[in-house]
Amino acid sequence: SNPLLEAFGNARTVRNDNSSRFGKFVEIQFDTNGRISGAAIRTYLLERSRVVQITDPERNYHCFYQLCASGRDAEKYKLDHPSHFHYLNQSKVYELDGVSSAEEYMKTKRAMDIVGISHEDQEAIFRTLAAILHLGNIEFSPGKEHDSSVIKDQKSSFHLQMAADLFMCDVNLLLATLCTRTIQTREGSIIKALDCNAAVASRDALAKTVYSRLFDWLVEKINRSVGQDMNSQMQIGVLDIYGFESFKHNSFEQFCINFANEKLQQHFNEHVFKMEQEEYRREEINWSYIEFIDNQDVLDLIEK
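UniProt numbering puts the sequence shown at residues 1 to 304.
Do not rely on the hints blindly, as some may be mistaken.
As the list claims (entries may be wrong) - DEER-style ranges, computed between Cβ atoms: (1) Gly188 x Lys263: 43 to 49 Å; (2) Asp80 x Asp17: 20 to 26 Å; (3) Arg181 x Asn33: 52 to 58 Å; (4) Ile236 x Asp17: 56 to 62 Å; (5) Gly227 x Ile285: 43 to 49 Å; (6) Gly243 x Val99: 20 to 26 Å; (7) Ile114 x Lys263: 30 to 36 Å; (8) His84 x Lys248: 21 to 27 Å; (9) Arg186 x Gly227: 47 to 53 Å; (10) Leu301 x Glu75: 52 to 58 Å.
Claimed, not checked - Below, computed lysine to aspartate or glutamate pairings styled on EDC-like, alpha-carbon distance capped at 20 Å: (11) Lys92 x Asp73; (12) Lys76 x Glu58; (13) Lys152 x Asp17; (14) Lys92 x Glu27; (15) Lys221 x Asp17.
Keep in mind that the hints were calculated from the coordinates and are not lab data. These figures come from a predicted structure and were not determined experimentally. We put the CB at the ideal spot given by N, CA and C, even for glycine.
Let's have the full structure, built from the sequences with the hints guiding it.
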């Protein structure tokens, strides 16, 4: 399962060519006799914004570059070099040192075979990835009506049609989803036109939501393949999340990541320093007090 999670959940960052952009909790489950009875993977905080926005010298998720290098499959989905897609060309880093995207694509497909993802489902997965890339290339121009938008040109119309075909939905319905918003009132539904900026935001929101749900679906398939024991009362768990992050441009994801790290640090302080030394004091054990930085004030600032 690891190659599959890395393909869809890892990306190049400033410090790491293969940085996991999600939190992972791996749980090994045991029966009453102490034998392993199952396993499960739970994921947290997938960095959804990376799907639509990246900065040099970072990259989007590996799976997009793998698909663009997949040869016949790329041709089938009307894909080209990553530099031709808005969600990938915001950074000029398209290759990783010592890594072949074409070979990694084959490894990802083999990993899908191993966890029991059918060829039909694999086709749907890559079709969805291609649709997201085409979606990102749709541009908008101001419409005739006030605060409205329309498809910018023939190139954008092509990508709109491709996205609709790959999503297997009606092209006019997709266009309406991007350029309008339905508001529910007591009297009924009101359709409000979106200006160009709002249409772009709608496009990006759709791309992020689709990718996030695809990732969750993959994790669910992996859990089915490893045989999760829903009745297990005994587990050993290992948590792997990002460390503290501070970039040139930070988003809500960095806030959530750093908040999670502050909570973990406080848990560590509480059990390793506070509670342990309090027990030493009660037992009248002779020891040298260990000073530590208490970050409770940071948590109070966020939580209260």
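Here is how each hint holds up against the structure:
{"no.": "1", "hint": "Gly188 x Lys263: 43 to 49 Å", "in the structure": "holds (45 Å)"}
{"no.": "2", "hint": "Asp80 x Asp17: 20 to 26 Å", "in the structure": "holds (23 Å)"}
{"no.": "3", "hint": "Arg181 x Asn33: 52 to 58 Å", "in the structure": "holds (57 Å)"}
{"no.": "4", "hint": "Ile236 x Asp17: 56 to 62 Å", "in the structure": "violated (30 Å)"}
{"no.": "5", "hint": "Gly227 x Ile285: 43 to 49 Å", "in the structure": "holds (45 Å)"}
{"no.": "6", "hint": "Gly243 x Val99: 20 to 26 Å", "in the structure": "holds (23 Å)"}
{"no.": "7", "hint": "Ile114 x Lys263: 30 to 36 Å", "in the structure": "holds (35 Å)"}
{"no.": "8", "hint": "His84 x Lys248: 21 to 27 Å", "in the structure": "holds (26 Å)"}
{"no.": "9", "hint": "Arg186 x Gly227: 47 to 53 Å", "in the structure": "holds (50 Å)"}
{"no.": "10", "hint": "Leu301 x Glu75: 52 to 58 Å", "in the structure": "holds (53 Å)"}
{"no.": "11", "hint": "Lys92 x Asp73", "in the structure": "violated (23 Å)"}
{"no.": "12", "hint": "Lys76 x Glu58", "in the structure": "violated (27 Å)"}
{"no.": "13", "hint": "Lys152 x Asp17", "in the structure": "violated (35 Å)"}
{"no.": "14", "hint": "Lys92 x Glu27", "in the structure": "violated (38 Å)"}
{"no.": "15", "hint": "Lys221 x Asp17", "in the structure": "violated (26 Å)"}
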